[in-house]
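S.K.: Listed below are the residues making up each chain.
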Amino acid sequence: MRIVTRLRGVHPSVAIAVNALTRNRLQTGLTLLGIAVGVATVLTMLAVGAGAQRSIEQQVRAAGLNQITVTAGNWKPKVDDTGAAVAHQADARRLLAAPRPRRVLLPQVVDDIVLASHPEDDPMEKHDHPLAWQRLGDLEAGLGAAATLTFADAEAIRRLDGVQYVACGVHANARVFHDDKRWFTRMHGTDRQLLDIKRTWTLKHGRFFSDGEQDDAEQVMVLGQVVAEKLFGAIDPVGQTITLWKQPFRIVGVVTSASWVVRPAPGDDEFDAVYMPYTTTHRLLNLSKLNDITVTAASTGEVSALSKRIAALLRQRHGITDTQPDDFTIATQATRAITTGGLPPNVAAAIAGNVRELERVTLEQLAGTLERASRTMRWLLAAVAAVSLLVGGIGIMNITLLSVTERTREIGLRLAVGARARDVMRQFLIEATAISLAGGIVGIVAGIVTSLTISSTLQWATVVTPGAVLIAFGVAAAVGVFFGWYPARRAASLDPIAALRYE
Amino acid sequence: MIAVRDLEKEYHVGDHVIHALRGITLDIAAREFVTVVGPSGSGKSTFMHILGCLDRPTRGHYLLDSRDVSNLPADELARVRNETIGFVFQGFNLLARASALENVELPLLYTRGGALRAAERRDRARRALAIVGLSDREEHHPNQLSGGQQQRVAIARALVNHPKLLLADEPTGNLDTDTSHEVMEVFARLRDAHGLTLLVITHERDIAAWGTRTIDFKDGRVNLDREGERVAAPTTCAS
Ligand SMILES: Nc1ncnc2c1ncn2[C@@H]1O[C@H](COP(=O)(O)OP(=O)(O)OP(=O)(O)O)[C@@H](O)[C@H]1O
Ligand SMILES: [Mg+2]
Chain A
21 MRIVTRLRGV HPSVAIAVNA LTRNRLQTGL TLLGIAVGVA TVLTMLAVGA
71 GAQRSIEQQV RAAGLNQITV TAGNWKPKVD DTGAAVAHQA DARRLLAAPR
121 PRRVLLPQVV DDIVLASHPE DDPMEKHDHP LAWQRLGDLE AGLGAAATLT
171 FADAEAIRRL DGVQYVACGV HANARVFHDD KRWFTRMHGT DRQLLDIKRT
221 WTLKHGRFFS DGEQDDAEQV MVLGQVVAEK LFGAIDPVGQ TITLWKQPFR
271 IVGVVTSASW VVRPAPGDDE FDAVYMPYTT THRLLNLSKL NDITVTAAST
321 GEVSALSKRI AALLRQRHGI TDTQPDDFTI ATQATRAITT GGLPPNVAAA
371 IAGNVRELER VTLEQLAGTL ERASRTMRWL LAAVAAVSLL VGGIGIMNIT
421 LLSVTERTRE IGLRLAVGAR ARDVMRQFLI EATAISLAGG IVGIVAGIVT
471 SLTISSTLQW ATVVTPGAVL IAFGVAAAVG VFFGWYPARR AASLDPIAAL
521 RYE
Chain B
552 MIAVRDLEKE YHVGDHVIHA LRGITLDIAA REFVTVVGPS GSGKSTFMHI
602 LGCLDRPTRG HYLLDSRDVS NLPADELARV RNETIGFVFQ GFNLLARASA
652 LENVELPLLY TRGGALRAAE RRDRARRALA IVGLSDREEH HPNQLSGGQQ
702 QRVAIARALV NHPKLLLADE PTGNLDTDTS HEVMEVFARL RDAHGLTLLV
752 ITHERDIAAW GTRTIDFKDG RVNLDREGER VAAPTTCAS
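Residue numbers (this note's numbering), protein chains in the order written: chain A, 21 to 523; chain B, 552 to 790.
Read the hints as simulated data drawn from the structure, not as lab findings.
Keep in mind that a hint or two might mislead.
Stated by the list, open to error - Covered stretches of chain A (in silico footprint by chain B; criterion: 3 or more residues with CB under 8 Å from a CB of chain B, positions within the stretch not fixed):
| hint | segment |
| --- | --- |
| 1 | 180-191 |
| 2 | 464-477 |
| 3 | 513-520 |
Stated by the list, open to error - Residues of chain B placed beyond 12 Å of chain A at every Cβ, according to the derived structure:
| hint | residue |
| --- | --- |
| 4 | I553 |
| 5 | R632 |
| 6 | R772 |
| 7 | N774 |
Stated by the list, open to error - Among the chain B residues that face chain A by a calculated CB cut under 10 Å, a handful are:
| hint | residue |
| --- | --- |
| 8 | V631 |
| 9 | G637 |
| 10 | F638 |
| 11 | L657 |
| 12 | H713 |
| 13 | K715 |
| 14 | N725 |
| 15 | E733 |
Don't be surprised by glycine CBs; every beta carbon is placed ideally from N, CA and C.
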């Protein structure tokens, strides 16, 4: 037999099995098809599940769960011993504790929350902005925050363990012009690494500004999609010039959202915004401070720990003693979710301060929504997989029984020349699993193709992991063994003489 | 080589008890060429199946090489069949979809400690085929061989694992007279050259005459047990 000859290298039982399967080609083929459909469905099911899992993680990251924002100034209400929310505003505290005679402006007091005055309101503060605004002639803009964070702080944070990306930020409202069109939007002086931090961003046109442009503080600008549409319509604006603060800026790119959860919308501060290197902002506005520093943690689980390290670092750099409050505010997505989640501020603060790995809690909440959606699809696929595997399995049992009957004399002969019952049993189990594994391989290929098709046509993320392929293969093998068991047992329990005489 | 004492075999069919063997006692020495004759239903095949360890006796003892194999467990019997005994059947029982060589290799798949390596299986199968004079037919499939050639492939298969005892149930039943004698000649040669003990069941007197000893069965008992030198000359019969 040619096939046996070709398979001479492999174990004889396998060769015999493959050989036997070529006898009933049609039956073998149909059975194989049934298994293939089942295995393909199993794999697709796992791929949809893993895809949902991954998109959950992506959305969660997009939502910024590994993101830490350090803002200048301290506006956060803290809880005192009596449980009442009181204001801890660093500048305010300092001012109240030891008011310097020439400081004339007192902080505003709203209820019992003390808010800091704007640094620009303080004549003693070194502030060049008003002059800058005046020079640039834009009175509608304004920078709002205490001026406590510096570029050096950002560089120090960058060197901490567990930090992935760091982006300095200077923000202002801005009126941008192109030809006769104008748009009131937000200006973000930022860092090249912002694009890496914003995982759900994608460049619709052009590119983000380069390291060189950032180092040289060039007047380049990246537009959010909303701004691009307002000023340029559907035209690709890359290479065009836009005016801000009476200064020309060269447009190098347009950013938009790559996530189906977040769509660009006017006023969203992300895509209704323009971006330039923070160095350019510094140069034009003659600034040296930062409004905020955005940091991403290399691992989502590290966020709490990293926040603490950043706090310690900044306290040390800013020379804050143990008894003094921070002069900056650190917010993570998790704390933000809780503090804006309708909890009383003191409870929220207590949770945010005491629950380790808080980010995981909110991650689960976010995961819930997507998980529910994908569960329906997975149940559907599980049902299809179960039915096709059952049908395929019955097919395997049928074809193996047929094979046992057809080859009864052969079994008798094998027993006569010394095969033991277990040899015969193994023989037919191999035969049954050979069909199911062949079906499994076909099914795995089909499953990968199906998953890719689902991804591309339904926009439903699917991920075929090596583990899923292994499971699919395992399912195929298990079906073969399970449904091959009975026929194999029957073959093994044949009486040699009766089998030899069988007509 | 073989010692059989009060061997009985009963079959139960419904309420009936069929006494296929009713007490057989005999010895067969090594290198004997025994032919077994007797009317249909006299128990020849039943006897041979027990000698071949394909079946167990209902009562009595069977000692093969001084070892009582009457009541060995199934796996032990399989090993005895594999290592000590070779079978030749009336219907050849070759695998239709395998070549002569692959058919001969079959017992080597079930040797103690797993199948032999492919190269060694091939080697031994080649030698066995050479013994029966079919070296030039190694790659032929059964349907490309004559009846006599097919039976010689079956004999090669029985020989391939160097058995001590070769059992044949009507090996010439499907062959014409000339071919029958060719096959018997192969048996005779094997006994002379390789020292095999042979037991061949036949219906034909002139085939039975090849034996050094002829046992005549009747009704589950030994009717006649004649010893003597080969009676018939091989080739003279038909030509
Ligand atoms: N499996 C069985 N079940 C019931 N009865 C059986 C079985 N095998 C054999 N017999 C009976 O045992 C008796 C002896 O049968 P056996 O096959 O040994 O005869 P035989 O001498 O080989 O005959 P033949 O020359 O026709 O082959 C017969 O009566 C037969 O019907
Ligand atoms: Mg018989």
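S.K.: For each hint, tell me whether it holds in the structure or not.
M.R.: Right, here's what the structure says about each hint:
1. 180-191: The restraint on the segment 180-191 of chain A is violated, since only 0 of its residues have a Cβ under 8 Å from chain B and three are required.
2. 464-477: violated (count 0)
3. 513-520: holds (count 3)
4. I553: Fine: 18 Å to the nearest Cβ keeps I553 (chain B) off the interface.
5. R632: violated, 5 Å
6. R772: holds, 21 Å
7. N774: holds, 24 Å
8. V631: holds, 8 Å
9. G637: holds, 8 Å
10. F638: Holds, about 5 Å.
11. L657: Since the shortest Cβ distance to chain A is 6 Å, the answer is holds.
12. H713: violated, 13 Å
13. K715: Given a least distance of 14 Å, the restraint on K715 (chain B) is violated.
14. N725: violated, 15 Å
15. E733: violated, 23 Å
In summary, the structure is inconsistent with hints 1, 2, 5, 12, 13, 14 and 15 from the numbered list given earlier, while agreeing with the others.
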